[in-house]
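Number of protein chains: 2
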Amino acid sequence: MIRLYVPHDLAAGAHLALDEGQSRYLSAVMRQAVGDTLAVFNGRDGEWRAAITTVGKRGVTLTALDSTRPQHIGPDLDLIVALVKRGRLETIVEKATELGARRVRLVSTERTNADHVRLDRLRAIAMEAAEQTGRLDVPEIAGPTKLDRLLADWNPARRLLFCDEGGNAPTVLDAVTTPGSWGILIGPEGGFSPAERDHLRALPYATPATLGPRILRADTAAISALTLWQAAVGDWR
Amino acid sequence: MIRLYVPHDLAAGAHLALDEGQSRYLSAVMRQAVGDTLAVFNGRDGEWRAAITTVGKRGVTLTALDSTRPQHIGPDLDLIVALVKRGRLETIVEKATELGARRVRLVSTERTNADHVRLDRLRAIAMEAAEQTGRLDVPEIAGPTKLDRLLADWNPARRLLFCDEGGNAPTVLDAVTTPGSWGILIGPEGGFSPAERDHLRALPYATPATLGPRILRADTAAISALTLWQAAVGDWR
Numbered sequence: 001m002i003r004l005y006v007p008h009d010l011a012a013g014a015h016l017a018l019d020e021g022q023s024r025y026l027s028a029v030m031r032q033a034v035g036d037t038l039a040v041f042n043g044r045d046g047e048w049r050a051a052i053t054t055v056g057k058r059g060v061t062l063t064a065l066d067s068t069r070p071q072h073i074g075p076d077l078d079l080i081v082a083l084v085k086r087g088r089l090e091t092i093v094e095k096a097t098e099l100g101a102r103r104v105r106l107v108s109t110e111r112t113n114a115d116h117v118r119l120d121r122l123r124a125i126a127m128e129a130a131e132q133t134g135r136l137d138v139p140e141i142a143g144p145t146k147l148d149r150l151l152a153d154w155n156p157a158r159r160l161l162f163c164d165e166g167g168n169a170p171t172v173l174d175a176v177t178t179p180g181s182w183g184i185l186i187g188p189e190g191g192f193s194p195a196e197r198d199h200l201r202a203l204p205y206a207t208p209a210t211l212g213p214r215i216l217r218a219d220t221a222a223i224s225a226l227t228l229w230q231a232a233v234g235d236w237r
Numbered sequence: 238m239i240r241l242y243v244p245h246d247l248a249a250g251a252h253l254a255l256d257e258g259q260s261r262y263l264s265a266v267m268r269q270a271v272g273d274t275l276a277v278f279n280g281r282d283g284e285w286r287a288a289i290t291t292v293g294k295r296g297v298t299l300t301a302l303d304s305t306r307p308q309h310i311g312p313d314l315d316l317i318v319a320l321v322k323r324g325r326l327e328t329i330v331e332k333a334t335e336l337g338a339r340r341v342r343l344v345s346t347e348r349t350n351a352d353h354v355r356l357d358r359l360r361a362i363a364m365e366a367a368e369q370t371g372r373l374d375v376p377e378i379a380g381p382t383k384l385d386r387l388l389a390d391w392n393p394a395r396r397l398l399f400c401d402e403g404g405n406a407p408t409v410l411d412a413v414t415t416p417g418s419w420g421i422l423i424g425p426e427g428g429f430s431p432a433e434r435d436h437l438r439a440l441p442y443a444t445p446a447t448l449g450p451r452i453l454r455a456d457t458a459a460i461s462a463l464t465l466w467q468a469a470v471g472d473w474r
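Keeping their order, the protein sequence lines are chains A and B.
According to the numbering used here, the first sequence holds residues 1 to 237 in order.
According to the numbering used here, the second sequence holds residues 238 to 474 in order.
Everything labelled a hint here was simulated from the structure, so no lab data went into it.
Hints are not guaranteed to be accurate.
Claimed, not checked - Computed Cβ-Cβ distance ranges for the label pairs, DEER-style:
(1) B:Pro450 x A:Arg44: 12 to 22 Å
(2) B:Arg323 x A:Asn113: 21 to 31 Å
(3) A:Asn113 x B:Val354: 43 to 53 Å
(4) B:Pro407 x A:Gly180: 45 to 55 Å
Virtual Cβ for every residue (Gly too), placed ideally from N, Cα, C.
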């Protein structure tokens with residue numbers, strides 16, 4: 001079943017004029033024709049079955065038929081990730097979407113040597129991953145902030161799990177025992193600086209955790225931490 | 238600290254003539270010179286500190302100085318993975334190495350539409366990932382077998398976790414409660430066929446498990462399942 005994220009409001013009989021990319025995908029790539037049906041969602045109105053009503057030079061239009069799933073949003077989980085190399089950052093966004101993060105927030109840290117980041121590209125990856133994984137929303141991708149700034153503005157009601165290989169941190173399953181609003185912070189490949197680690201460890205809402213005895217790349221750490229969080233207190237229980 | 242996997246036996250004073258690729262990596266990429274030290278391991282003799290003794294046209298030679306870690310091997314965990322697209326298969330091999338799988342075994346299933354697989358390339362990825370993650374062994378990459386054949390030859394003393402989205406499977410944390418020898422089987426993106434699923438469900442040593450409410454790509458499923466296994470009964474406890 002083809003699934004598309006659309007910006008339009010969804011209701012029975014709503015007409016949806018798709019953009020050029022989605023029109024080309026449906027007609028040229030997936031060889032869909034007038035009368036074929038697919039699933040659409042917009043992050044607000046649940047999932048709808050829609051039929052292709054026109055395929056023309058000006059694009060593809062759909063008509064929404066009926067609601068197939070009510071709107072649902074997963075746990076209130078943010079992934080905060082230091083800017084890492086482009087390929088790994090794209091993997092992280094795809095996987096965070098599949099693993100049910102509600103938002104991905106990019107940060108720069110002392111040991112981040114980030115080149116520029118293509119937010120439009122990351123958002124397209126999140127949208128495509130949401131379509132594929134069956135979510136009814138697309139995670140927000142928030143542009144880079146400095147870690148200091150992010151922590152200065154942090155709502156202390158949201159807990160923060162950070163992966164800290166230094167010393168005696170508990171496992172994620174031992175560190176994450178209560179549901180609610182959380183953020184998971186993944187540092188750059190070079191790790192946090194000693195000053196950043198001290199700062200994080202002193203925050204009352206922050207919990208360190210270890211991810212096993214081997215050194216993990218940032219994308220692996222992000223995927224593993226999201227998985228364990230979902231298994232511990234999220235929608236994998 | 239640079240770490241290299243080498244085929245040579247390691248003992249104090251052993252001379253190691255590196256191959257062309259590793260020689261070039263040390264001299265041209267990492268700009269190492271005579272007297273610089275690095276870590277080497279061979280999967281048998283633990284980790285050793287070694288010094289560069291010559292850098293020449295015929296390559297780089299090292300001399301092993303002293304043992305820094307005794308040989309250690311992680312849990313007896315195999316990842317069995319259906320052939321998926323090249324990029325995702327390469328991700329799976331890299332991540333299985335970081336996440337401590339002892340072997341990666343490739344299988345073809347009814348819904349696998351595999352093109353050929355480059356075992357040499359997958360083995361190079363496993364070696365590089367082992368160097369980076371701090372392991373003292375490189376996971377074996379076993380070439381493709383048919384799933385039927387693999388199961389016909391299975392040692393029933395090894396348990397098998399397979400990810401089954403159909404129906405009422407328990408979570409991985411509920412399904413994996415005893416340590417020992419395990420395999421984790423990840424199907425192709427199209428899933429197992431009904432016949433394959435029935436076959437797997439009937440095996441006395443096999444346990445189905447679910448990976449949450451969303452559809453995961455094969456690489457995500459592999460990483461998540463390995464992570465949960467390590468957290469439940471492996472070396473992440």
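Hints broken by the structure, by number, lowest first?
3, 4
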